[in-house]
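A.B. asks: Take each chain as given, in its own frame, and dock them per the hints.
Residue strings, one per chain:
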Amino acid sequence: MPEVKLVNIVKRFGNITALRGINLTVENGEYVCILGPSGCGKTTLLRIIAGLLKPDEGQVYIDGEDVTHKPPEYRGVGFVFQSIALFPHMNSWENVLYGPTVKGLDKSISHRIAREIMRTLKTIDYSGLYPGELSGGIAQMIAIARALATGAKLLLLDEPLGALDPRIRVDLRYELRRIVKGLGLTAIHVTHNQEEALTIADRIVVMRSGMVEAYDTPENLYWHPKNLFVADFIGKVNVLEGFIKKALTGGKALVELTGGISIEVYAKGFSEGDKVVVAVRPENFEILDRSEADKPNLLRGVVTRARFMGDYYRYDVTLESGERVTVNTPLYRSEKIQVRKKGEPVLVRFDPEKALVYAYPKRGIERELSIEV
Amino acid sequence: MVALAVLVLLPTVFLASFPIVYFDEVRYEVFENPLVGDENLRMIISVLLFSFKLSISAVIIDLVLGIPLAFLLARGRFPGKTLLETLVTLPLVIPTSGFGFASLLTWTTVSGIGGWLGLGRGILETSATIPGTGIPILMLIVHVSLTLPYVVRTLQAKLVELNPVYEDASRTLGATSLTTFRKILLPQILPAVFSGSVLAFARSLGETGATMVVSGVRITAAIAVVRWEFEFKLGAAAFLGLILVLITWLIILPVELLLTGKQGIIKPPPLIYKTGLEKVFLKLESKLSKRGLRNLLYVVCIFAVAILVVIPVIVVGESVVAYWYADPYTGKREGGVVYQLLGPPNYLPAILRATAISFTSAFVSTYISVFLSIPLAYIIERYRFGRVLRAILKIPLVVPSSALGLSTLLMWGPKFMGLITPGIWLIILTHIVFSVPVIVETIIAVYEGSDIKLYEDAARTLGANPYYTAEKISLPVLKEGIITGAILSFTHSLGETGATMIVMGSDIPISALVVNMVESLAIPAALFTSTYLIFISMALIFVFRLATRRK
Ligand SMILES: Nc1ncnc2c1ncn2[C@@H]1O[C@H](COP(=O)(O)OP(=O)(O)O)[C@@H](O)[C@H]1O
Ligand SMILES: [Mg+2]
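Protein chains in written order, with my numbering: chain P, 1 to 373; chain E, 1 to 551.
Here chain E stands alone, though its shape is the one from the complex (with noise of 0.2 Å):
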């Protein structure tokens, strides 16, 4: 339990105490700065106001695609959908700033699809913008791509869970497809919906891997958390942390008592009904309720997927043979993959020196997370105060990753306890507060997808002590759910970009690597090590799934 608040929970909140015990700091810094007055303030209420902006348009990208997508995972019965599936999920497990950098490249250069249809530039700028909107579209791209599968999954779970045969009595009741979905389907995933979005606009608005690749000038509240604390703004970098922090805090924890443990069914209010409009409403979805029309849909959003997922792989990948030995369009050598990484740039020595920093933190945060998961999930279980354990749990997953890491950094840091220097050891301290957090819900999934309690019970009854018990019954059942967790743990660990970033001084891991590359315009060597990393990254998920295919 020490060592649990210590590790785990203590960084959630140290964050909060920091704009108290260093006021003064933050007084001058956002509030009174001599030389620019409020400006940083402005600045704090700019980019939160961005970063809101694109988050909830993400948000609801998501959703036009996702409900779809859910729906076709869940009910559709068709070849490829494991691969469509896993394609969905994918950028949960690849390294955003590798991802990121893929989609800059697709979006934005030759390399990419502009490359593909002749055009001899990129089809976007980094720059543009959805008109009246200034809502950057690449930097929207690439938040949709990462925080679909938080939508699509959470509504998949739900749909599979529900009973089709609601939407069969609805159907030889008379409503058309359509109708059924508003009627019947609706009021009953309405607190997936909930809850998925919820979970989307949290990581969108802590998404730093990526969106620091993709960002261009725009700056959104995570990257400012970042880029100030490089700046030495300490005081502006953490207050802007807190209220981000709090934002989630503010957002999940009612959304998460609220829905779980209640077998939520939100009765709608019968507005449409009321209202005289439900007869235009049945006549336009029975219109639109034709199978040509329903399979159309499904089309759209399975080439949406292709593009924002797919693509960018492909066109990573494509691009790092073409540049191998020499930059394809000057024919320069300089410009070549070979040249960055052996020539004098002579990036494959940090490459290397990286990928040990990467993996090194990442099985040790895991091996240490897994053994404090374990009598973790056990305490939610069997306690009452559990739920609430949980849901504080669930913090560290969305909270911004940026603000999550300045929080370890001066926890530990030279700020505060002064114990540990940013380095590989506070990486690994930063991993655990997250990877504490998957490992304990992919155990708690398991468990509660089995039978364990029954056998607890049956052991205990049959005179075997908890310890025993939960020794030879419960563990090996659960092993299935640990091994799940301590995977994902993993992966997420090598690509975690934004919190790495503030907490890993001179030992920079691979992931943070590809951006200071971009930064850097070493684009041939962005380019190795970004494929490098999506494609280990891909190697991981393949072994996953041979591994627990098993069963």
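Chain P with its partners taken away, still in its complex shape (with noise of 0.2 Å):
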């Protein structure tokens, strides 16, 4: 049973340097996301695990193993690509077939072993047709049947949904869970849709600019992001600017903003004056009416543009202070909400243990947030 374990991963190419010294563990039977920006060094890392790229420094081992030198053909790992990459000159039987067949296998193994895997993906009915001939979701399915037909207990997915229409797209990532799960298989998955792995993954890798920035559960990299670019890349975040006024009980602390309004939030480990940040997500703020102005860490401003998306309203408000935040305001206690108009004077409103507080980032906000380092 695949565990996947990696230990100080480089890959340079040129001058370029893809992976900056990677560690990352995968337990058995975990379904992993790479997550991030275009470009970050996502596919690389998964070719180099996969042994279509050898790494300049650094050691792959699956299941305890050390196959850093080991052609992909001996690693057992399945493979599925963005472009899908049916072989174009063989139908779907074929190309499912095509593992069990260079493996070497008895033929009548091979046939039952194609089968099972296209009756267990449902993509039996399309056995005879060529891949031209097959709409993206299924041939997609179809390119899974293949990687698993090898026996492959390990699953690379390489952005799998990214070249689909996206109604398929959703409706695949959760079949693409579910196969995993009920196969009892590992998989990485890389994808750069935030949304996608948050919905689909036990855990979450992070990347950055050829390093690992977090590696958590969605639910604690959603709550608990370690840094500000996690914060951001994760759902948006707003981003307030200020100081920690004074230290208050129960591991709460008074943070002055530029404006000069004081307000309440949750912060460790600072003292008095430390420059600090403030991140509220667009949907953790609210919109109150003038008649609530005696409650806690409100701002006021002003709506510069209202938006209907849907299922919520995004507004963006321009602060007292002159900083601009978004504020998304859903719609299931609709009806009677009040729609705010552009022009119009607000309070908005934040839950001090949602705002989400870091040191002042050296480099300064910007470049925190880059997807370069």
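Keep in mind that a hint or two might mislead.
[Stated by the list, open to error] Quick look at which bits of chain E chain P covers, simulated, 3 or more residues with Cβ under 8 Å:
1. 164 to 171
2. 178 to 187
[To be verified] Across the chosen pairs, the derived CB separations fall in these ranges:
3. P:THR17 x E:ALA157: 30 to 36 Å
4. P:GLU195 x E:VAL299: 49 to 55 Å
5. E:ARG382 x P:GLU133: 27 to 33 Å
6. E:LYS290 x P:SER135: 55 to 61 Å
7. E:ARG294 x P:ASP274: 57 to 63 Å
8. P:GLY136 x E:ARG77: 29 to 35 Å
9. E:LEU277 x P:GLU195: 46 to 52 Å
The set of hints was computed from the structure by calculation and includes no laboratory data. The C-beta atom is built at its ideal place from N, Cα and C for all residues, glycine as well.
C.D. replies: Right under this line is the structure:
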């Protein structure tokens, strides 16, 4: 049963360093997503695990065995490509049969394996069709069947849903997880879509510029992101600048924001006078009426843009301090909810436990949030 | 269109009319010669058989060397890749007679490899054959060098265009690299293997310049055409030329029409899989797929290119230096380059005159060809019959050039129109016939690789008329292709021998001069002229690389 361990993987292409010392362990049976902006080295990392690329430094262990120098055909790893890559000169059946055949299995055994896996993935009806005749979703399912027919227990998926229609993409991601869990496989799934990662992964690796920024469960990444970059990458955040004015009891602190207003947040490990940033997700802001002006953590501002997004309203609000924030107001308590208009003065509020506080980044906020390091 | 038909298409097919119009003459010479009976016919058959044997062997070796080389160039990433690529293509632009002479020196004389190994003689006799086949080794070597680029370039282009993801997929599915090659790559590159082989075969069949230099006593069909024309056996020459043209037509046209247009993937019948040999193959491939073995194969192929292409060029250069003042072996001044050029043999004026003739004809024919090619490329891209036109235009590229030369000679010359006598003007007319296709092909390649169609349509929707569009939008973008084509055609024209020798009359250009020198055993002069010719071409290519790099 596969467990994957990467030790200090470094990969360079000419003078580009694509991976700068990756350490990572994926437990047996886990569904891990690798999430990161385009060009951060996700594909490179996956190809190194599969053996399609050799790292310049570091080791790859699969199941405790050092496979760093083992060619891909002997690693027993299933790889699913964004471009699907079904062999164009073979029909679906021949594609799925390819793995068992090149492994030198007897014909009857190969056929049985191919038939079983295609039944499991409900693709047997498409056996006779050629890749050009299949829809994207079906083609990718056949590509997955092809990867699994080799007997692989470790499935590597490189943006497997990236080439598909948005609607199919959503259906198929749950299907993917169901297959992996149902067959007891280990999966490493690369994506740059954070919603996809949040909804299907047991754990998520957040990468930036060839490094691992965070590795944790979706919930932890959402609620307790390790740093500002991760907070911003897993669902956007509004960033407000300020400094610690006073430590309060119960792990709380009073922060004075740029505009001079003081707010209450949970913040540990800071001393008075420290420069900090307070990050609040758009969905954790609420807009209040004038009548509720006595609540804590209130910021005044003016709506500069209002957009209807389907299941919520998105407002751009310019605060009195001049900072701009985005506020998402869900529609569930709607009907009665007052729709704000452009130019309307509003009060914006958040709960102390929903604000994330970080030390002010040394290189400035802009650079901290950028995908380069 | 009329100019095109008269200048380019007609000469290609004119040869066909000759044996019909002058049927008696042909019958007299080929079939019922009162003196020798059907001796000439038997000659024709034996010469053709020999040519086929030679060309097929050359193509087989081309494939053995060419497939790994193409793979290395398309997929590999290593220092010196551009150099290797240039070396492989060098024989396309080096004048063949010069190259033939360089190969002759390298293999059969003490100035070449034999001397380097301290043998005191060449390592091959000119007449040495591969035991049991009757194929002269030297001729085969030269033909492989000259045709290898066609196989490598065609395959390389195809491989570059193929997405390597299929190879990756196959590897992760458990196939070794050789199995992947057999089951995944081969079906996809088979059309390219096929068309590359056809090009190489046709080229080998028609090769004249180098072959004449290294032929010794054996003659190929293409050479026979030239010889017989010199011996005024026009009937026999035309008959043989026609057969050559027909063979080439028959090979090229179907391949062109079948393979262009369709995104050809050939599904091979599952022969191996069905017979249960599959497992044997898999085992063997897994043994041979070791990295070390693959690298060994690459090294062998690179080595072969070095021996075939680089060493002759070095040898010929080195020999010029060695022979500069005197024959290094006998010490005689009469055997030195300086004596032959400036002394009593006085080859220098001939060389200078030949240079002038070569450059003038290359320049004029290229210039005219550019103007014919631009509208032609446009017609091919815009109209339905363009594809057929394009296939027909490929013919001058692969038809044995001596046959083509004969055809132009017969058409324009005293026998038919009587308009132009052999000489520089006829050289120019002949060169136009194969320059136009070269330029048209490069223009089309650039056109299809760019978004011009998009720009053109955009310009049209903005209200520009077609002529304006062509002038302001298309031409500037196509400049790259036109320049490339012009330079290719210029170097081709400089080096062309087969057709040129037939139509040149007394205006001997430099490529033909080398052949004459070798035949009259003026070796030092031939040495100098070959080197001179090779280096001029290499300088042109260098300039060309510089000019295109800018992009
Ligand atoms: N074969 C290659 N040659 C050169 N650079 C490469 C190659 N593959 C990837 N890179 C570079 O490595 C970095 C990471 O690429 P990749 O792993 O494909 O990113 P991702 O999959 O996260 O989008 C990029 O800067 C990319 O340009
Ligand atoms: Mg990628």
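A.B. asks: Now look at each hint and say whether the structure bears it out.
C.D. replies: Right, here's what the structure says about each hint:
no.	hint	result
1	164 to 171	holds (count 6)
2	178 to 187	holds (count 4)
3	P:THR17 x E:ALA157: 30 to 36 Å	32 Å, holds
4	P:GLU195 x E:VAL299: 49 to 55 Å	51 Å, holds
5	E:ARG382 x P:GLU133: 27 to 33 Å	32 Å, holds
6	E:LYS290 x P:SER135: 55 to 61 Å	41 Å, violated
7	E:ARG294 x P:ASP274: 57 to 63 Å	60 Å, holds
8	P:GLY136 x E:ARG77: 29 to 35 Å	31 Å, holds
9	E:LEU277 x P:GLU195: 46 to 52 Å	50 Å, holds
Going down the numbered hints, you'll see the structure goes against just number 6.
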